[in-house]
Amino acid sequence: MGSKLFRNFSFFSATLSFFLLVGVFAILFSYAQEALHEFGFNFLWTEQWEPDEDDEGGIFGGYIPILGTLLSTIIAMLIATPLAMGIAIFLTEIASVNVAKPVSIAIELLAAIPSIIYGMWGLFYFAPIVQFVFGGNGVGLLTAGMVLAIMIIPFMAAITRDSMNTTPAVLKESAYAMGATKFEVIKDVVMPYSKGGIIGSIILALGRALGETMAVAFLIGSVMHTIGNMTDPTTSIPVLLANNFAEAEDLEMSSMYFLALILFVVSFAIISTAKFYFLGRNPSMKKVK
Amino acid sequence: MTFKNLVTAALITSVALTAVHADELKGRGASFPGPVYKAWTAAYFKATGKKVNYTPTGSGDGIKSIKKRMVDFAGSDKPLKPEKLRKAKLYMFPSVVGSIVLAYNLDGVKDGDLKLSRTAIDAIFSGKAVFWDDAIITKENVGLTLPHAPITTCVRADKSGTTFNFTYFLNKINPDVKVSKKPTWKAAKVVAGKSNSGVSANIQQIKNSIGYIEYSYKIKLGLPAAQVENKEGHFINPTVPSFQDAAKYATWTADNDFYAVIGDPAGATSYPIVAATFLLLPIEKSEMNKKVTAFMEWAYINGDKAAAELGYVPLPASTKEAIRAYWEAKKIK
Chain A
1 MGSKLFRNFS FFSATLSFFL LVGVFAILFS YAQEALHEFG FNFLWTEQWE
51 PDEDDEGGIF GGYIPILGTL LSTIIAMLIA TPLAMGIAIF LTEIASVNVA
101 KPVSIAIELL AAIPSIIYGM WGLFYFAPIV QFVFGGNGVG LLTAGMVLAI
151 MIIPFMAAIT RDSMNTTPAV LKESAYAMGA TKFEVIKDVV MPYSKGGIIG
201 SIILALGRAL GETMAVAFLI GSVMHTIGNM TDPTTSIPVL LANNFAEAED
251 LEMSSMYFLA LILFVVSFAI ISTAKFYFLG RNPSMKKVK
Chain B
1 MTFKNLVTAA LITSVALTAV HADELKGRGA SFPGPVYKAW TAAYFKATGK
51 KVNYTPTGSG DGIKSIKKRM VDFAGSDKPL KPEKLRKAKL YMFPSVVGSI
101 VLAYNLDGVK DGDLKLSRTA IDAIFSGKAV FWDDAIITKE NVGLTLPHAP
151 ITTCVRADKS GTTFNFTYFL NKINPDVKVS KKPTWKAAKV VAGKSNSGVS
201 ANIQQIKNSI GYIEYSYKIK LGLPAAQVEN KEGHFINPTV PSFQDAAKYA
251 TWTADNDFYA VIGDPAGATS YPIVAATFLL LPIEKSEMNK KVTAFMEWAY
301 INGDKAAAEL GYVPLPASTK EAIRAYWEAK KIK
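Note that the protein sequences, when read in sequence, are chains A and B.
For the first sequence, position 154 (counting from the first letter as 1) is numbered 154 according to the numbering used here, and the numbering increases by one without interruption.
For the second sequence, position 257 (counting from the first letter as 1) is numbered 257 according to the numbering used here, and the numbering increases by one without interruption.
Honestly, the hints are just simulated from the structure, not real lab data.
Where is the CB? At the ideal position from N, CA and C, for every residue including glycine.
Any given hint could turn out to be false.
Claimed, not checked - Residues on chain A that point at chain B, a partial pick, calculated with CB under 7 Å:
1) Leu123
2) Gly138
3) Pro233
4) Asn243
5) Glu247
Unchecked claim - Anything over 12 Å on all C-beta distances counts as not near chain B; from chain A, calculated:
6) Phe9
7) Phe39
8) Gln48
9) Leu110
10) Val139
11) Ser222
12) Val223
13) Thr235
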């Protein structure tokens with residue numbers, strides 16, 4: 001009896017996530033119908049977001065927020081990936097235990113900071129620094145991307161460190177015994193062994209960067225402007241949704257569901273491509289299965 | 001338990017919950033009068049023990065909620081035209097007058113130092129003036145040294161009644177400007193923030209910026225604000241007496257449910273960017289409406305001081321009388 005109950009419960013939990021995924025997609029798709037019919041694929045290239053005076057219609061396009069989302073995520077990934085790898089390698093292979101322990105704890109605590117705090121800190125302390133160094137307004141695409149990078153570094157670093165720690169000492173010792181240098185051990189033993197974990201950490205961080213709302217809302221400037229310059233203010237999909245959801249009606253609401261659908265599909269596509277492409281051919285992951 | 005039973009149970013619970021909260025008035029909408037409504041509802045509860053719950057979510061949200069009858073009353077900074085009111089079956093009347101200031105962040109330029117002419121304001125927000133030392137701005141500010149730095153304009157990211165009233169003023173200067181709760185700004189450098197507090201934070205943060213915010217935020221945060229040229233060509237500091245002078249020129253009448261945008265009034269001493277904020281009531285709920293008007297009556301009598309302290313302007317006595325007559329006529333008093 002007990003085991004049957006447990007079996008059913010775990011089966012239920014496992015299928016629930018699948019139904020949630022399908023359900024969310026179906027809702028987004030059906031609510032986006034009005035905008036889909038009105039704008040079709042032109043939605044992707046239209047740079048306007050203008051409700052008309054009575055809030056009953058208008059012209060809505062997703063070009064600027066889609067571009068803003070992708071660019072801020074790319075900036076964040078470009079900055080965060082090498083830094084996070086460096087941190088993880090330092091902690092597992094180079095630092096002594098006395099150093100590694102406090103640094104590890106600090107990184108885990110960084111990951112626990114709520115995103116709104118990053119947003120406030122970014123606006124009041126980081127944005128002026130960016131303005132001083134790169135010019136511009138302080139708030140803008142570059143600031144948002146850099147703070148996003150800071151937010152995802154702890155995730156990537158912590159997961160990468162854990163997976164590097166699983167490299168068996170025997171493998172490393174053998175390599176050293178063969179005369180390999182520290183750099184060669186890291187490059188040829190540790191990195192290949194923990195490849196699955198490293199890519200997993202990058203995917204998780206990418207997912208977080210794509211959907212991050214609060215911190216970016218503080219920092220990106222929230223303006224419907226095509227950017228000509230890295231420091232220009234622009235907007236991203238989650239920020240536009242958060243700013244306009246309470247007030248929107250009819251076609252604008254539907255357009256926002258369309259945007260949400262696009263974000264859903266883009267995240268889904270990126271993450272599943274990354275998963276199938278990289279992890280599908282990874283022997284260490286196959287073993288786990 | 002079948003699905004039907006579940007639904008019944010849920011319905012009974014929700015009805016029971018509504019009954020418990022029946023004596024609590026619920027309202028939402030405009031954030032512009034949020035601070036004064038908060039002061040009034042708190043004082044009203046202290047004086048009468050009756051609870052009024054107002055959530056400042058934004059004018060658009062207020063209109064949406066009252067159309068769907070989700071709340072007992074709604075606040076909006078944008079008055080609805082009579083035909084729209086009839087269509088949605090709503091009553092409307094003004095509650096209080098507030099003002100919008102142009103706050104700036106310029107090194108060495110103190111509160112009230114900067115004088116902005118009507119053409120300068122239009123030039124800044126339409127992108128015709130790109131730098132602070134543009135002749136159109138410096139002309140009125142001979143004693144000031146304004147930097148040769150680009151102007152960053154701080155605007156609202158969300159749809160807003162404050163924006164509606166500000167663009168109404170801009171439209172009076174330059175008819176090409178569209179009156180809108182969320183226009184597409186044409187200035188060269190624009191940064192948007194959510195709600196009055198978001199715009200204020202951007203102004204504080206960005207050097208050489210200027211933005212439009214509600215007066216109480218200027219007071220609360222100590223931001224410097226400009227003197228603005230009014231209809232008769234005088235430069236007026238944003239102060240409560242100058243708002244009061246402006247409010248005198250509002251022409252409200254019960255015939256069109258007090259529909260009037262009061263921005264840019266006449267008068268030599270009037271501060272030009274003033275705005276009234278309105279309450280919307282559902283026509284069919286006369287019992288509930290009586291409770292709302294009882295609260296407003298209390299606020300009209302006892303709330304003037306609290307409003308003035310927060311930087312709002314109480315309605316002129318004659319307008320209050322007209323509103324009372326309106327309530328009588330609609331039998332909601």
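If you check each hint against the structure, which ones fail? Numbers 8, 10, 11, 12, 13 - these are the hints that the structure violates, sorted from lowest upward.
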